[in-house]
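Protein chains: 4
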Amino acid sequence: MSTPSGDPAAGRQRLAWAREHMPVHAALRERYAPRRPLEGLCVAVCSHIEAKTGVLLETLAAAGAEVVFTGSEPGSSQDDVVAALNEQPGICGYARRGVSEAELEALHLLALDHAPALILDDAAELTARLVHRRPELLPGLRGVCEQTTTGVQRIQAMLGDGALRFPAYAVNHTPMKHEFDNIHGTGESALTNLMLTTNLLLAGKQVVVAGYGDCGVGLAHKARAWGAQVTVTEVEPRRALRAHMNGFAVRPMAEAAEIGELFITATGSRDVIRREHFERMRDGAVLANAGHFNVEISADDLAGLAVERRQAREGVEAFELADGRTLHLVCEGRLVNLAAPTAMGHPAEVMDQTFGVQFMAALHLLEHHEALAAGVHAVPDEVDRRTAELKLETLGVATDRLTEAQQRFRHAWRAEEILAR
Amino acid sequence: MSTPSGDPAAGRQRLAWAREHMPVHAALRERYAPRRPLEGLCVAVCSHIEAKTGVLLETLAAAGAEVVFTGSEPGSSQDDVVAALNEQPGICGYARRGVSEAELEALHLLALDHAPALILDDAAELTARLVHRRPELLPGLRGVCEQTTTGVQRIQAMLGDGALRFPAYAVNHTPMKHEFDNIHGTGESALTNLMLTTNLLLAGKQVVVAGYGDCGVGLAHKARAWGAQVTVTEVEPRRALRAHMNGFAVRPMAEAAEIGELFITATGSRDVIRREHFERMRDGAVLANAGHFNVEISADDLAGLAVERRQAREGVEAFELADGRTLHLVCEGRLVNLAAPTAMGHPAEVMDQTFGVQFMAALHLLEHHEALAAGVHAVPDEVDRRTAELKLETLGVATDRLTEAQQRFRHAWRAEEILAR
Amino acid sequence: MSTPSGDPAAGRQRLAWAREHMPVHAALRERYAPRRPLEGLCVAVCSHIEAKTGVLLETLAAAGAEVVFTGSEPGSSQDDVVAALNEQPGICGYARRGVSEAELEALHLLALDHAPALILDDAAELTARLVHRRPELLPGLRGVCEQTTTGVQRIQAMLGDGALRFPAYAVNHTPMKHEFDNIHGTGESALTNLMLTTNLLLAGKQVVVAGYGDCGVGLAHKARAWGAQVTVTEVEPRRALRAHMNGFAVRPMAEAAEIGELFITATGSRDVIRREHFERMRDGAVLANAGHFNVEISADDLAGLAVERRQAREGVEAFELADGRTLHLVCEGRLVNLAAPTAMGHPAEVMDQTFGVQFMAALHLLEHHEALAAGVHAVPDEVDRRTAELKLETLGVATDRLTEAQQRFRHAWRAEEILAR
Amino acid sequence: MSTPSGDPAAGRQRLAWAREHMPVHAALRERYAPRRPLEGLCVAVCSHIEAKTGVLLETLAAAGAEVVFTGSEPGSSQDDVVAALNEQPGICGYARRGVSEAELEALHLLALDHAPALILDDAAELTARLVHRRPELLPGLRGVCEQTTTGVQRIQAMLGDGALRFPAYAVNHTPMKHEFDNIHGTGESALTNLMLTTNLLLAGKQVVVAGYGDCGVGLAHKARAWGAQVTVTEVEPRRALRAHMNGFAVRPMAEAAEIGELFITATGSRDVIRREHFERMRDGAVLANAGHFNVEISADDLAGLAVERRQAREGVEAFELADGRTLHLVCEGRLVNLAAPTAMGHPAEVMDQTFGVQFMAALHLLEHHEALAAGVHAVPDEVDRRTAELKLETLGVATDRLTEAQQRFRHAWRAEEILAR
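Protein sequence lines, in the order shown, are assigned to chains A, B, C and D.
Quick note on numbering: the UniProt record's numbering labels position 321 of the first sequence as 321, and the sequence is numbered without any gaps.
Quick note on numbering: the UniProt record's numbering labels position 135 of the second sequence as 135, and the sequence is numbered without any gaps.
Quick note on numbering: the UniProt record's numbering labels position 328 of the third sequence as 328, and the sequence is numbered without any gaps.
Quick note on numbering: the UniProt record's numbering labels position 365 of the fourth sequence as 365, and the sequence is numbered without any gaps.
If you're looking for bench data, these hints aren't it; they were derived computationally from the structure.
C-beta: ideal position from N, C-alpha, C; glycine also.
Heads up, some of the hints might be wrong.
[Said to hold, decoys possible] The calculated label-pair distances, taken between Cβ atoms and stated as ranges, are:
1. Arg275/A to Leu372/D: 55 to 61 Å
2. Glu389/B to Gln311/D: 45 to 51 Å
3. Glu30/A to Ala254/D: 29 to 35 Å
4. Ala254/D to Asp7/A: 28 to 34 Å
5. Arg275/C to Glu332/B: 48 to 54 Å
6. Arg408/C to Glu103/D: 25 to 31 Å
7. Glu404/A to His369/B: 50 to 56 Å
8. Gln406/C to Ala9/D: 45 to 51 Å
[Unchecked claim] In silico negatives: residues of chain D with every beta carbon more than 12 Å from chain C:
9. Gln13
10. Glu66
11. Gly98
With the rest of the complex left out, here is chain A:
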């Protein structure tokens, strides 16, 4: 396997821009560079290796870690950033844009050769690879911090299979991650990339959002806010009701399929849009995915129905069906905010926050890993809260503080205490 061949100067420019827009990481480096709490430890980061991830790697290195990186997805790493990172002391790694699934596995195995003590993972890609392919490394692994809905679900599946020997922090489940990265980060970047890749308009468009988890919430609200009529599909009744009470049409996909002009999946499941749905769709429908894996829209079913396939434009493939309808699949069903021709990944500010809580969780996990059983653990709320305080400081946003009387009031329960003036 050849080494990446990006232009490091271009990568350095991208890193500089990201660094300027990630003030939480500047604060973290300032705080932890003098103490070097990760001194001597090998920390593996598996993610989309582009500029924002690079800033996390720099922060980890500044905190003393020997950092090894690898890409979490075949199409989402940037070669110039990879080249620029490989120039930096304390950081080395293996990632390339546009690899096959087999090449991706090979890159992962190269990273695992460094025998990491800690993995900061995305979709549990490197963790699953280690457990499945390099179980001999398990004793050296102190723990995993996982930042996606999909990854936490996958680690829980490992646990169900009895394959988990280490503690994992569900960083995705912290308020500081999923309420911001998923809603605003995925929400904004999936829509901006999708609309530019297709050169279409949201206003007046019939949009179907599959899934009303945090990503779906972001997509549905932001699409409607720009003038789309949005239909939501769900399997979970509370989520369905939430969407209904927020004013969305909630329908099964079989009905939504007949209505939509633009479909976006964000479920973490597979085959959410499949043959039975393609068969009912309007001519010209556009299909895109904002979930981690490219299995939410069944490309196989679509290919099976097609009598002809052609490139409709960069990033869009047209599938002509026997009945004359054409359906358009965006970026082969890969997550559109990373795979689109215009893709820059998530916005910098939101990754500053996501990687901030990843870093804080990693420090905490290392300190407490011996006390933690193998399994998936919630990140302690205090860790999340401190990250929020740091973020607010960088934003210059001030909160109130409870007075002593207000703190006492929290413990009052007798009517006289409460109503006392």
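Since the structure of chain A is provided, determine the placement of chains B, C and D on it from the hints.
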């Protein structure tokens, strides 16, 4: 204490309207009237005794309970509904509009004389009264279901004081309650009542919302959606950041006080707006509360600063300060959606849902109370989920069901399994 | 006909509150009281005679006019305000809450007995009465200022009939009126009154808004912003397309009738909802009107279909149909923000602006009436602009001013001039 | 000057995609290809020569015109589309991406050599060039259709200068153009391109929108809808008040400059952000333009203040000031939705509509040009209305039709007529 003297015919009309708009309760009565799972048990309900609460009482009675009711707040019960309820077999109670705090206590004690086996409470009013004033009834009490943020906090305070001898379900904390009742129920009704009581306009108004919990979220988003410029105050950093990322100005109250034209508190705390804030406010500022207790705005501090007080209009008192400014307090700082001249309480549909999960939680608590330790417990998610399914049925909203392949996918973690076609 | 019998003290309190929240009028009185430009002229105001209208009357009187007032709608005047106004020097009038159409005409004729030189009208009520019933007064009438969509349309109908002998200013058509009063004033107050009269929830509700003029725009956007699913009906293609591009479902009423749970008409037309629509509606549908006349929902058709009618609650009549469905008509189809039990009319701030431009237009019309042909005229933009500047001053909102270079740039057209640095 | 050298195959693919998403043009070609109303006429189109414009050219050619095209802006044409268009019979033209102002003029003059009878213009670029540089062609010019705010203003400036000898239709001022293209087209595409060019997040961002005309309205509402805190600057009082009542902070630029993190200009004026504003800005502020000319942000003032300039990333130049602050200028202040690295111009559906009304206006102008005086004319409302009907048909959106009774009601004015049942 005299009995209430409302017109039962008017009460019956109100109950009929509420019944028509509470289809979840119709379904519950249909399901449980034949089985009568509460047969022979005394169930006490403490709440705002108006038509929607009446429908809950009817459902409890239909399920076999001996129902006793009492009001949770001095000004929020309706005498005609009280009269109409007292006509119904299996239901009796004690409530009156416009009582003093002392009279409220007396009404509570009358209800407690029935020695309830179960309390469905609001703000833990009747629970606190029983624990504090009638501890001899504790052995007969199988448990409590509490439907407000304030009440759960208060029961936790009892627990901290070692005063809790029974299990309590934090019904407020179920998704089916707080994500709907607090956000949409309080959000809509506090604003509609406030705007009609003052005859003012939200569009273009500087509104300060104190607290960005569920109630505050509802108030802030709905006020902005009608054209207000909204500033949020918070003490919790994640909530503050959430408000910031949703586009609100987040400031300490000391700064917000100088900006606001209309203030709404929804914190569950006390003295959130106090002397130091009144001193900085703009002439003509209007102050209202959407939290349970009338202590969020310090009426004492306001009275202390005033050189003259007068009725500005029905439901609004004007406080003239020495420096010539006038501040307006709405409904004496009582929760505006219940105390306003126009107040009808929460909308019917949202109470159908809140009382639906209260009822379902009550059934579950009774069935399992022996297995539950004294303390505050989360309502099992399955109870909440079943209520959501019932609500969706009444709305005619359909969700998708996971296919078998999708169910298996939840447990897949190896790359090959996930990407398998 | 007996004189009104409201309590003048209560009326004075209402006037005081309105005066405090109408700073544009305070500024107008300050400016025009010394000059008294209306000295000696009889000015008739026909409108909803409640506190905000009272403030306009006070401003007219302060500017020197002999003011006579009368109500524009049978149910929208407040007796206590009428009583308080009749105490004031320079103001007298005829209005009473809850009159019949015949009594309304009688009140109008009493007002016309004062032989006004100028009419400030609402829905052209007094103007139509004068033209139709007192044509002998036409020579003394210098002009009319009309503040509603309906009224301007009605005066244009008079013109089409050859009945117009005087100039009329279409005050409704000024930006300062229809973009604020209709969108925000009607939008907010129709919804707050409707939701409190019915005690229902907007979130999750299927709402049909008939008409996407300014009133309909306000209603549709504000209902959706609180969580309703809104369907719009229109007859004008650009308006229909605007609604579509803003994300609303646009359908003919025959289809919308099957979907809606809550219908609000704002078209200025008649029988917009009629037999063919009632026949398709869902059981329990609620029908309300936000247009001037109570003819938008065909009450006759509804009565014809009903096998029984009953009061469902204050302000809501239930019509039981032969097939078992019940339809609910709010306030007899009268404009809900004025006829509802909770009605306070439009919010004060927006009436400050509407009446501000009415007043400014009246001054201008008087000054220029001799130069104006009989017919409907646009209010000169400069009059509207000056009113806006006054309003911004009272709000403390500052705008930029064009620099000299920017003013010159407005007249540049050659490429070199435009791109010159 | 060399001919453009784009790849025609790539251009054909782009044209095919645009054609599929412009159903109004398909309908126009179907209607007018048989009649060929433009037979034998030379029609010049000056615009951003990319795929959507290409579809307009095809429709003009199908209607019989000899079409000549040229670019309206130095950086907004696409060479491959230019090449593909030049292959088509009846179409030829002169445009290239990335020309200088001098080269742009040369291309315009080449187009003018065809002596057009009609110009469909953008920003009055070709019209100004003809009037200024080729006045000898004026006698052959039957008229101009202008589609931008800037262009109409510029033609009015020509009129003020006495330079106008022909009728011009202000196509920009039709509802079908400015209420859709400006609000939704510019609104969406300026924001998507800006956010991807900078890789920044709208949520939580302090955004300043200069100008609250239609473009500014679109930008301000859509930015806020995604979580930005938006401040608006204006010079026109009604627009300022509209922004205020819609919940925006309205401030002079001198104040807004201190607050903003992201500035977007959409005023049609020049030097809206200049030295005095740069001096007050926060470190890191990002500056972008959504108006036609790159003079809204004073690049000269910025250059004058800078001690160093560097490429911060593709499409973003960093200006380092003496005091250590850095300001970022996006795309040299050119309109960001056309000049950004990711730029595709406006979305296809909105251009279908804009070019639809351009085409319909052009037909009408040709038919009536002899009856029209030299000067700027409103497009007859009927032309706009018919275009709307065509668009609604392609969308499958149905409106209601007035009944005969409703049509009569429009002409009723006597109380008895209106209230008659």
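Going through the hints against the structure:
1. Arg275/A to Leu372/D: 55 to 61 Å: At 58 Å between Cβs, range holds.
2. Glu389/B to Gln311/D: 45 to 51 Å: At 57 Å between Cβs, range violated.
3. Glu30/A to Ala254/D: 29 to 35 Å: 34 Å, holds
4. Ala254/D to Asp7/A: 28 to 34 Å: Since the Cβ atoms of alanine 254/D and aspartate 7/A sit about 42 Å apart, the hinted range of 28 to 34 Å is violated.
5. Arg275/C to Glu332/B: 48 to 54 Å: 49 Å, holds
6. Arg408/C to Glu103/D: 25 to 31 Å: Holds, since arginine 408/C and glutamate 103/D (Cβ atoms, about 27 Å apart) stay within the stated range.
7. Glu404/A to His369/B: 50 to 56 Å: About 37 Å separates the Cβ atoms of glutamate 404/A and histidine 369/B, which means 50 to 56 Å is violated.
8. Gln406/C to Ala9/D: 45 to 51 Å: 46 Å, holds
9. Gln13: 28 Å, holds
10. Glu66: Its Cβ never comes within 12 Å of chain C, the nearest being 26 Å, so this holds.
11. Gly98: 17 Å, holds
Taken one by one, the earlier hints fail for this structure at numbers 2, 4, 7, listed in ascending order.
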